[in-house]
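Student: Sequence:
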Amino acid sequence: MPESAHQTKKYIGVIDAGTRTVKFCVFPTQSLTEYAEHAVDVTQHSPKEGWLEQDPMEILDAVNQCVNAVASRLDVSEIATVGITNQRETVIAWDKTTGEPLHNAIVWSDIRANDTVDQILAKLPENNKNHFKSLCGLPVSPLFSAFKFKWLRDNVREVRKACKARTCLFGTVDSWIVWNLTGGVNGGLHITDVTNASRTFLMNIDTLYWDPVLLYTFHIPSYLLPEIRSSSEIYGKINNGTVLDGIPISGVSM
Numbered sequence: 001m002p003e004s005a006h007q008t009k010k011y012i013g014v015i016d017a018g019t020r021t022v023k024f025c026v027f028p029t030q031s032l033t034e035y036a037e038h039a040v041d042v043t044q045h046s047p048k049e050g051w052l053e054q055d056p057m058e059i060l061d062a063v064n065q066c067v068n069a070v071a072s073r074l075d076v077s078e079i080a081t082v083g084i085t086n087q088r089e090t091v092i093a094w095d096k097t098t099g100e101p102l103h104n105a106i107v108w109s110d111i112r113a114n115d116t117v118d119q120i121l122a123k124l125p126e127n128n129k130n131h132f133k134s135l136c137g138l139p140v141s142p143l144f145s146a147f148k149f150k151w152l153r154d155n156v157r158e159v160r161k162a163c164k165a166r167t168c169l170f171g172t173v174d175s176w177i178v179w180n181l182t183g184g185v186n187g188g189l190h191i192t193d194v195t196n197a198s199r200t201f202l203m204n205i206d207t208l209y210w211d212p213v214l215l216y217t218f219h220i221p222s223y224l225l226p227e228i229r230s231s232s233e234i235y236g237k238i239n240n241g242t243v244l245d246g247i248p249i250s251g252v253s254m
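No gaps in the numbering here: position 128 of the sequence shown is 128 in UniProt numbering, and each next residue is one more.
These are computed hints drawn from the structure, not numbers from a lab. Since the structure is predicted, the reported quantities are computational estimates derived from the model, not experimental observations. Be a bit skeptical, because a hint or two may be false.
Okay, derived cross-link-like pairs now, DSS-like style, lysine-lysine, Cα gap no bigger than 25 angstroms in a straight line [stated by the list, open to error]:
id	residue 1	residue 2
1	Lys10	Lys237
2	Lys96	Lys150
3	Lys150	Lys161
4	Lys161	Lys96
5	Lys150	Lys129
6	Lys123	Lys150
7	Lys23	Lys9
8	Lys164	Lys150
9	Lys123	Lys133
Estimated spans, in silico, between C-beta atoms of each pair [said to hold, decoys possible]:
id	residue 1	residue 2	range
10	Gly246	Val194	25 to 31 angstroms
11	Lys133	Val185	37 to 43 angstroms
12	Ser141	Thr21	21 to 27 angstroms
13	Thr8	Glu49	53 to 59 angstroms
14	Gln30	Gln65	25 to 31 angstroms
Just so you know, even glycine gets a beta-carbon here, dropped at the ideal spot from N, CA and C.
Start from the sequences and build out the full structure, keeping to the hints where you can.
Tutor: Here it is in C-alpha cells:
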C-alpha cells in the first residue's frame, strides 16, 4: 500500500498558546528535535487586583506572526499537520456572527469569580466545595472556566445580549484558535478536546459530555459551548487565508 501524502511530508507544526507567550514550532516527522520556532509575547492586563486578562485578537495576531516567521524558513507545503496546546481554564466569549470578542480573555489565574464561588457554595449542603467532584472531578474554585463563564454572563452586558440572541460562543483558548483557523464566521469549527473540557467544571468525567446538572447549576446552555472531541483526530483543515491553508488540525491538548 503506498504511503499517504501525510506520511511522506517532512514536518509537524505545533501552536503553543501559553499564558505569557505564543509559539509556533516545527518538528521533523521522524524526530523529537525541534527544527524551527518563533515566539511572541502576549500582553497581560490587570484592570483590578486579582484580575488578569489578555486581548483575544492579540493572541490570534501572535499566532499569525509566529506562523509567518517560521514559514519564511521552510516549505510549509511539507507540514503534514498542526497541533495545538494551550493555557488551560482561560476563557473567551465571542460573537459568532462578527467574529469579535465580547470581552478580554479571562486568564486561568484570575480570581474575580470569588463571589460566584460564594453564590454556588451557599446553595450546597454544608457549603461543601467537593459536592460536584463525583461529576467533574474538581473542587469548587474560581480558577475553573465555568465560574469565569458565569461571571461574564452575569456582569458583561455585551455577553448577556449575545447569549439572548444566541450569537455568543464560549470557549477556552484552544476553541478560539481552532474556530478562527478553520474559517471563523465562515463555518469555523466550535470544538474543544477532553483535556481542556475537563478543566471547565462542566464536563462529566464518566460520559465525557457536558453534564446537565452542572450546566443547570451555572445557567449555561449547552449551545454556548464547544463540542467535546478527542485529543487526537483530524478536526478539520485550516481555512483562514494564511500560509497554512489546507493543512489539517489533528491534535489539541492543554
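Student: Each hint: holds or not?
Tutor: We went through each hint and held it up to the structure:
1. For the proposed pair Lys10 and Lys237, the alpha carbon gap of about 18 angstroms is at most 25 angstroms, so the pair holds.
2. For the given pair, Lys96 sits about 19 angstroms from Lys150 by alpha-carbon distance, which is consistent with the 25 angstroms threshold.
3. Distance check on the hinted pair: Lys150 and Lys161 sit about 14 angstroms apart at the alpha-carbon level, within 25 angstroms; holds.
4. Simply put, Lys161 and Lys96 have alpha-carbon atoms about 13 angstroms apart, close enough for the 25 angstroms limit, and the pair holds.
5. Distance check on the hinted pair: Lys150 and Lys129 sit about 17 angstroms apart at the alpha-carbon level, within 25 angstroms; holds.
6. This hinted pair checks out: Lys123 and Lys150 have alpha carbons roughly 16 angstroms apart, not beyond 25 angstroms.
7. A distance of roughly 21 angstroms separates the Cα atoms of Lys23 and Lys9; the hinted pair therefore holds under the 25 angstroms criterion.
8. Distance check on the hinted pair: Lys164 and Lys150 sit about 14 angstroms apart at the alpha-carbon level, within 25 angstroms; holds.
9. With a C-alpha separation of about 16 angstroms, the suggested pair Lys123 and Lys133 falls inside the 25 angstroms cut-off, and the hint holds.
10. Checked against the hint of 25 to 31 angstroms, the pair Gly246 and Val194 passes, with Cβ atoms roughly 27 angstroms apart.
11. At roughly 38 angstroms, the beta carbons of Lys133 and Val185 sit within the given window of 37 to 43 angstroms.
12. Restraint check, Ser141 to Thr21: a C-beta distance of roughly 25 angstroms satisfies the suggested window 21 to 27 angstroms.
13. Restraint check, Thr8 to Glu49: a C-beta distance of roughly 54 angstroms satisfies the suggested window 53 to 59 angstroms.
14. Between Gln30 and Gln65 the Cβ separation comes to about 28 angstroms, which falls inside the hinted range of 25 to 31 angstroms.
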